[in-house]
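Whenever a hint applies, use it, and build me the whole structure from the sequences.
For the protein sequence lines, the chains are E and X, in the order given. Using full-length UniProt numbering, the first residue of the first sequence is number 1, and each one after it goes up by one. Using full-length UniProt numbering, the first residue of the second sequence is number 1, and each one after it goes up by one.
Calculated from the structure, these hints are not laboratory results. Accuracy of the hints is not assured; some may be wrong.
[As the list claims (entries may be wrong)] DSS-like cross-link-like pairs, simulated, lysine-lysine; straight-line CA separation at most 30 Å: (1) 436/X to 469/E; (2) 18/E to 284/X; (3) 330/X to 18/E.
On a predicted model such as this, the values are computed, not experimentally measured, just so you know.
2 protein chains.
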Amino acid sequence: MQTSLRMKRSWTTRRDEKSRRMQAAQCYMKGKLVDAESIVKVLELLLMPGDRVVLEGNNQKHASFLSDALSNLDPEKVHGLHMLISSISRPEHLDIFEKGIARRLDFSFAGPQSLRMAQMVEDGKVEIGSIHTYLELYARLVVDLIPRIALVAADKADREGNLYTGANTEETPTLVEAAAFHDGIVIVQVNEIVDELPRIDIPASWIDVIVETAETYQLEPLFTRDPRHITDIQILMGMIAIRGVYERHHVQSLNHGIGFNTAAVELLLPTYGEQLGLKGKIAKHWALNPHPTLIPAIESGWVESVHSFGGEVGMELYTAARPDVFFTGKDGSLRSNRTLCQMAGQYGVDMFIGSTLQMDAQANSSTVTAGRLAGFGGAPNMGHDPRGRRHATPAWLNMKVGNDPLVQGKKLVVQMVETFQGRDKPTFVDTLDAVKVGERAGLATAPVMIYGDDVTHVVTEEGVAYLYKARNPEEKRAALAAIAGVTPLGCGHDLSVNDRLRQEGLIAFPEDLGVRRSAAKRSLLAAASIEDLIEWSGGLYKPPAKFRSW
Amino acid sequence: MQTSLRMKRSWTTRRDEKSRRMQAAQCYMKGKLVDAESIVKVLELLLMPGDRVVLEGNNQKHASFLSDALSNLDPEKVHGLHMLISSISRPEHLDIFEKGIARRLDFSFAGPQSLRMAQMVEDGKVEIGSIHTYLELYARLVVDLIPRIALVAADKADREGNLYTGANTEETPTLVEAAAFHDGIVIVQVNEIVDELPRIDIPASWIDVIVETAETYQLEPLFTRDPRHITDIQILMGMIAIRGVYERHHVQSLNHGIGFNTAAVELLLPTYGEQLGLKGKIAKHWALNPHPTLIPAIESGWVESVHSFGGEVGMELYTAARPDVFFTGKDGSLRSNRTLCQMAGQYGVDMFIGSTLQMDAQANSSTVTAGRLAGFGGAPNMGHDPRGRRHATPAWLNMKVGNDPLVQGKKLVVQMVETFQGRDKPTFVDTLDAVKVGERAGLATAPVMIYGDDVTHVVTEEGVAYLYKARNPEEKRAALAAIAGVTPLGCGHDLSVNDRLRQEGLIAFPEDLGVRRSAAKRSLLAAASIEDLIEWSGGLYKPPAKFRSW
Numbered sequence: 001m002q003t004s005l006r007m008k009r010s011w012t013t014r015r016d017e018k019s020r021r022m023q024a025a026q027c028y029m030k031g032k033l034v035d036a037e038s039i040v041k042v043l044e045l046l047l048m049p050g051d052r053v054v055l056e057g058n059n060q061k062h063a064s065f066l067s068d069a070l071s072n073l074d075p076e077k078v079h080g081l082h083m084l085i086s087s088i089s090r091p092e093h094l095d096i097f098e099k100g101i102a103r104r105l106d107f108s109f110a111g112p113q114s115l116r117m118a119q120m121v122e123d124g125k126v127e128i129g130s131i132h133t134y135l136e137l138y139a140r141l142v143v144d145l146i147p148r149i150a151l152v153a154a155d156k157a158d159r160e161g162n163l164y165t166g167a168n169t170e171e172t173p174t175l176v177e178a179a180a181f182h183d184g185i186v187i188v189q190v191n192e193i194v195d196e197l198p199r200i201d202i203p204a205s206w207i208d209v210i211v212e213t214a215e216t217y218q219l220e221p222l223f224t225r226d227p228r229h230i231t232d233i234q235i236l237m238g239m240i241a242i243r244g245v246y247e248r249h250h251v252q253s254l255n256h257g258i259g260f261n262t263a264a265v266e267l268l269l270p271t272y273g274e275q276l277g278l279k280g281k282i283a284k285h286w287a288l289n290p291h292p293t294l295i296p297a298i299e300s301g302w303v304e305s306v307h308s309f310g311g312e313v314g315m316e317l318y319t320a321a322r323p324d325v326f327f328t329g330k331d332g333s334l335r336s337n338r339t340l341c342q343m344a345g346q347y348g349v350d351m352f353i354g355s356t357l358q359m360d361a362q363a364n365s366s367t368v369t370a371g372r373l374a375g376f377g378g379a380p381n382m383g384h385d386p387r388g389r390r391h392a393t394p395a396w397l398n399m400k401v402g403n404d405p406l407v408q409g410k411k412l413v414v415q416m417v418e419t420f421q422g423r424d425k426p427t428f429v430d431t432l433d434a435v436k437v438g439e440r441a442g443l444a445t446a447p448v449m450i451y452g453d454d455v456t457h458v459v460t461e462e463g464v465a466y467l468y469k470a471r472n473p474e475e476k477r478a479a480l481a482a483i484a485g486v487t488p489l490g491c492g493h494d495l496s497v498n499d500r501l502r503q504e505g506l507i508a509f510p511e512d513l514g515v516r517r518s519a520a521k522r523s524l525l526a527a528a529s530i531e532d533l534i535e536w537s538g539g540l541y542k543p544p545a546k547f548r549s550w
Numbered sequence: 001m002q003t004s005l006r007m008k009r010s011w012t013t014r015r016d017e018k019s020r021r022m023q024a025a026q027c028y029m030k031g032k033l034v035d036a037e038s039i040v041k042v043l044e045l046l047l048m049p050g051d052r053v054v055l056e057g058n059n060q061k062h063a064s065f066l067s068d069a070l071s072n073l074d075p076e077k078v079h080g081l082h083m084l085i086s087s088i089s090r091p092e093h094l095d096i097f098e099k100g101i102a103r104r105l106d107f108s109f110a111g112p113q114s115l116r117m118a119q120m121v122e123d124g125k126v127e128i129g130s131i132h133t134y135l136e137l138y139a140r141l142v143v144d145l146i147p148r149i150a151l152v153a154a155d156k157a158d159r160e161g162n163l164y165t166g167a168n169t170e171e172t173p174t175l176v177e178a179a180a181f182h183d184g185i186v187i188v189q190v191n192e193i194v195d196e197l198p199r200i201d202i203p204a205s206w207i208d209v210i211v212e213t214a215e216t217y218q219l220e221p222l223f224t225r226d227p228r229h230i231t232d233i234q235i236l237m238g239m240i241a242i243r244g245v246y247e248r249h250h251v252q253s254l255n256h257g258i259g260f261n262t263a264a265v266e267l268l269l270p271t272y273g274e275q276l277g278l279k280g281k282i283a284k285h286w287a288l289n290p291h292p293t294l295i296p297a298i299e300s301g302w303v304e305s306v307h308s309f310g311g312e313v314g315m316e317l318y319t320a321a322r323p324d325v326f327f328t329g330k331d332g333s334l335r336s337n338r339t340l341c342q343m344a345g346q347y348g349v350d351m352f353i354g355s356t357l358q359m360d361a362q363a364n365s366s367t368v369t370a371g372r373l374a375g376f377g378g379a380p381n382m383g384h385d386p387r388g389r390r391h392a393t394p395a396w397l398n399m400k401v402g403n404d405p406l407v408q409g410k411k412l413v414v415q416m417v418e419t420f421q422g423r424d425k426p427t428f429v430d431t432l433d434a435v436k437v438g439e440r441a442g443l444a445t446a447p448v449m450i451y452g453d454d455v456t457h458v459v460t461e462e463g464v465a466y467l468y469k470a471r472n473p474e475e476k477r478a479a480l481a482a483i484a485g486v487t488p489l490g491c492g493h494d495l496s497v498n499d500r501l502r503q504e505g506l507i508a509f510p511e512d513l514g515v516r517r518s519a520a521k522r523s524l525l526a527a528a529s530i531e532d533l534i535e536w537s538g539g540l541y542k543p544p545a546k547f548r549s550w
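Here it is, written out as C-alpha cells:
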C-alpha cells in the first residue's frame with residue numbers, strides 16, 4: 001500500500017471560500033436579505049475574477065435584475081467570469097462580455113441575440129465553450145461545470161428564505177441544487193417578500209442571499225400563437241400530419257414545438273380530429289408549456305395530462321382551474337419543472353414534432369442561419385431517438401422495420417416545414433448555413449439542430465415523407481424531394497418514381513391520406529382568434545396586452 | 001367556433017378524490033402523523049383498487065416498512081394495483097402480486113427477484129407493462145404513468161412534515177414531485193421524527209402522511225467491492241483499459257459500473273496511472289456512488305468531483321469530510337440525487353464503462369440470462385450515445401470517424417468482460433438468452449441491456465476492440481473475435497487478419513499498448529483489502545460488518 005501518496009491539503013476550500021465571501025458581504029445583509037440598491041456592492045464582494053457563474057435565463061423567465069446588476073460591476077474588480085446561461089436573450093447578457101466582466105460562455109439558445117453573438121465571437125470578445133441542449137447544460141452543472149455562483153429568480157420569498165417559484169418554476173431548482181450542494185453561493189431576486197408563502201418550492205437552507213426588486217423579473221409569453229395568423233397552408237399541413245402521422249402511428253404522448261404549424265394541429269383536434277373519431281385515441285398526454293391554443297382541445301376532452309417546462313403569461317387562472325390536466329401545487333397554481341419536462345420530452349413520449357428554418361437533402365436541419373449563432377434550446381434533446389429507451393408503446397413499436405429479434409422501436413421525430421420560408425427562400429438547401437457558421441465561430445462540430453438520422457417523418461404542404469422506412473441515402477433523398485414542391489430539390493426530382501415511393505409507403509400525398517386540400521380552411525379551426533380562446537376558456541385565459549387587438 | 005364542444009365535467013376529480021380519502025383516514029392521523037401500528041388500516045383507506053402506486057425501491061434504499069405493510073392489506077379491499085417500482089428486490093414486492101393486491105408492474109431492475117419474477121410472469125401472476133431505465137420510468141411518472149399514491153422513505157421528518165433524506169436522497173424527490181403536484185397522496189416512512197432537521201431536502205407541503213418506524217428503512221452497501229477479491233486478470237484488464245481507452249482518448253469525466261473490473265481501475269489510478277504520468281489528465285469528474293475503492297484515487301489527488309446517485313453505507317463520515325469532491329449540504333452530509341446523476345451520466349460525461357454477462361458477435365449485451373427477468377436499472381441510460389448531445393469534449397471528438405462536416409463525436413461506451421464467466425461459460429454467445437426470455441415473458445422487444453451499435457469499445461484480458469472504427473458487421477465481428485480468447489467466437493477467428501486489424505487500429509493487444517502482462521499483479525493495487533481502504537481514508541470509512549473480516 002502506498003498511503004504515502006495521500007495529499008496533505010484542505011478538502012474544504014470551497015466551503016471556506018464561500019464562508020470568507022459571505023463574511024465580507026455581511027455588512028450589507030440583514031439575515032439573508034440585501035437591499036436592491038446594495039446589490040452591485042454585494043456582488044462585487046461575492047464574485048471573484050474567473051468565477052463560474054450560472055445565470056437564470058430560460059427563454060421565458062429571466063433573472064433580469066441580477067443580470068442587469070452584473071453588467072454594472074466594476075471590471076477592475078470582477079472580470080473574466082465563465083458564464084453558464086440557458087438562453088442569451090437580454091442585451092446585458094452580451095454587454096458583460098463587451099465590458100470584460102465575463103470571458104467564457106456555455107449556453108443553449110441565443111435567438112434574440114444571435115446576430116450580435118456571432119459577431120462578438122468572430123471579434124474574439126466571447127469565448128464559446130459549447131452550445132448545449134438544456135439537459136446537457138444542467139448535467140454539466142454537477143460534473144465539470146459546477147458553478148461557484150448561482151443567480152436566479154423567484155416569485156416570492158418568506159423571511160426565512162424559502163422560495164415560491166409558482167407557475168414559473170422552470171430551471172430554478174436545478175440551478176440552485178448544483179450550487180447549493182457544492183458550497184456555491186445562491187443569490188435570488190424575488191418580486192416580493194411575504195410572511196407566508198402560498199407553497200414552498202425551494203427550501204430556505206438552499207439559499208444564501210435574497211434581494212427584493214422593484215420590478216418583477218422578465219417573463220415573456222413565448223408560447224402564445226394568435227390563431228388569427230394561422231394560414232390555410234398550415235391548416236393543410238396540420239390535417240396531413242393528423243392523418244398521416246398521429247392517426248397512422250397511434251401517437252398518444254407528445255411534445256409540440258412552438259410554431260404555427262403545431263398550433264394549427266392543436267386547433268384542429270376538436271374539429272377535424274373529432275370528425276375522424278380520434279378523440280381518446282391520439283394526443284392524450286403532453287409535455288409542453290400551457291399553450292393557449294391547446295385550450296379548445298382540453299375543453300373538448302382530448303387532453304388527459306400536460307406536464308410543463310414553464311408557465312405561460314395569461315394562463316395562470318386557467319391552469320389553476322384545470323388540475324386534472326395540469327400539474328399544480330397545494331396552493332392551486334401550476335407547477336412546472338424544466339428539467340423533469342425535458343426528461344419527459346426526451347424519454348417519456350411517443351413523438352416530438354417541430355419545425356426548422358433549413359433542411360438538407362438528408363433531413364439534417366438547423367435554425368442556425370447565415371450570421372446567426374442561435375443555438376437550439378431543448379429541440380435536439382427531444383428531437384432524437386433516445387437509444388437508452390427500453391419501454392415500448394404502440395407508436396414506438398410502429399417504427400420497427402424488419403424482423404430481427406433485436407430490432408427496437410423508435411421515437412417519432414417529425415419536422416413540419418413549408419417548402420419555402422418566404423418568396424425565393426427554399427427550406428430545402430444543399431448545405432446548411434450552420435456548417436459555415438460553425439466554422440467561422442470555431443465550433444468543434446457544426447451547430448446542427450436535428451440530425452437527419454433521427455428524423456422519422458417530414459411533413460410539408462405537399463405530403464409526408466416516411467423517412468424511417470428509407471433503406472439508403474438515395475431513397476431518403478427521393479422521398480424528401482417528392483414532397484419538396486418547387487424548391488430546387490423538388491424540381492430536380494424524377495416524378496416517375498413517385499408511384500413506387502407511394503406503394504412502398506415512403507411517401508404519402510394528401511389524396512393518399514384522404515385529406516381534401518379544399519377542406520383546409522380557417523373555418524376548420526376550433527378558434528380563429530385570441531378572443532375565441534378566451535371564450536373557450538370560459539374567461540379564465542387572460543392574454544397579455546400585446547395579444548389583445550380589440 | 002364550436003365552444004358547444006366544451007365538456008360539462010369536473011376538472012378537480014383527482015383533488016376531490018384525494019380530499020375524500022384523506023378525510024376518511026383522519027381518525028388515524030395526528031396532523032400528518034400516523035402510528036406505525038395503524039399503517040395497514042390507513043393504507044386500506046387511502047388506496048383504492050386499480051390505483052397506480054409508485055413505491056420507492058432503488059437498488060440500495062427501500063421503503064421497506066411500507067412495502068411490508070402493502071403486502072398485509074386485505075385483497076378484498078385493495079386489489080389490482082398498478083405498481084411502479086424502480087427495483088424489485090424484496091420478497092413482498094412480488095408477494096403483493098401473488099396475493100392479488102397488485103396486478104400490473106412497470107419496473108427497471110429485478111436482480112434479486114429475477115428468477116421468481118420470470119416464473120410469475122409465465123404463470124400470468126404479474127402483468128408486465130415495460131422494463132425501463134430509471135430515467136424513463138421517472139419521465140413517465142409525469143406523462144402517462146402519473147401515480148395516485150407515492151410510498152417513499154426518508155431519514156427524518158420534523159413535526160411540520162419537512163423531510164431530511166440525507167446521504168440517500170436518491171429518487172425520493174422525483175417520486176414525491178410526480179405525486180404531490182398532481183393531487184396524488186404522498187406517504188413517507190421515516191426512521192425518526194425530530195424537532196429540528198439537519199437540513200430540509202423536501203418541503204412539508206409536498207407530503208401528506210408520515211409514519212415513524214421502529215426499524216430503519218432497508219439500505220444495502222451495493223457499491224462496496226472488497227479489493228481482496230480482485231484477481232490478476234482483472235488487474236490486467238484494468239491496465240489495458242487505462243492505456244487503451246482512458247489515456248488514448250483523454251477521458252476526463254465518466255461513470256463506472258459496480259463490477260470488480262472497474263474497481264480494479266479505481267485502485268490502479270494512484271499506482272499504475274501515476275507511473276504513466278496521467279494524474280490531472282484523465283478521470284477527473286465522476287458520476288457515481290461513493291465507491292470505497294475510489295478512496296485512494298481521491299486521497300492521492302486524482303478526483304476533482306463526484307456527483308452521486310445515492311449514498312454508500314459506511315462512507316458517510318468520509319464524504320462529509322471531503323466536500324471539495326462530493327456534493328454535500330449545509331449540514332455537511334452527502335447530497336445525492338438519482339435523477340440528476342442519471343442525467344449527468346447520460347449527457348454530461350465522456351464515458352460509461354461497465355460489464356455484462358453475455359455479449360453476441362455484434363456486441364449486443366444483456367444481464368438477462370436464461371430464466372431470469374432482471375432488467376438493467378440505469379445501464380442503458382448511460383450506456384448509449386446520447387444523440388441529443390451537442391457539446392464537445394476531447395474524448396467525444398476523438399470518436400469522430402471521417403471528415404464529413406456533419407459528423408459528430410460520440411460518447412464512449414465501453415464493455416469490460418472476461419472472455420469466460422466461469423469454466424465452460426463463454427461470455428461471447430451466438431444469441432443472447434435475452435431473446436428467448438423476452439419471448440417467454442411476452443415482451444415487445446428483447447430485453448437487451450446495451451445495443452452493439454452503441455458500444456464503442458470492448459476490453460477483455462486479451463486486448464481492446466475499437467468497435468467505433470468498424471465499417472461493417474464483418475469487421476466488428478472480426479475485431480471482437482480477435483479478443484475473444486478461446487471462446488467459440490475466438491476459436492473460429494482467422495488469426496491471419498490480426499495484423500491488418502492492429503494496423504488499422506481496430507484492435508490492440510497488451511503489447512501494442514505497452515502493457516506488460518507480467519506486471520499485472522495484486523501488488524499494483526493501491527489497496528489490497530478493506531483495511532487498506534480504511535487506512536487510506538484516515539479512519540473515516542466505516543465499512544458495514546459484513547465487510548469486516550478481522
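Hints versus structure:
1. 436/X to 469/E: With Cα atoms ~27 Å apart, residue 436/X and residue 469/E stay inside 30 Å; holds.
2. 18/E to 284/X: holds, 23 Å
3. 330/X to 18/E: holds, 12 Å
Violated hints for the displayed structure: none, as all numbered hints are satisfied.
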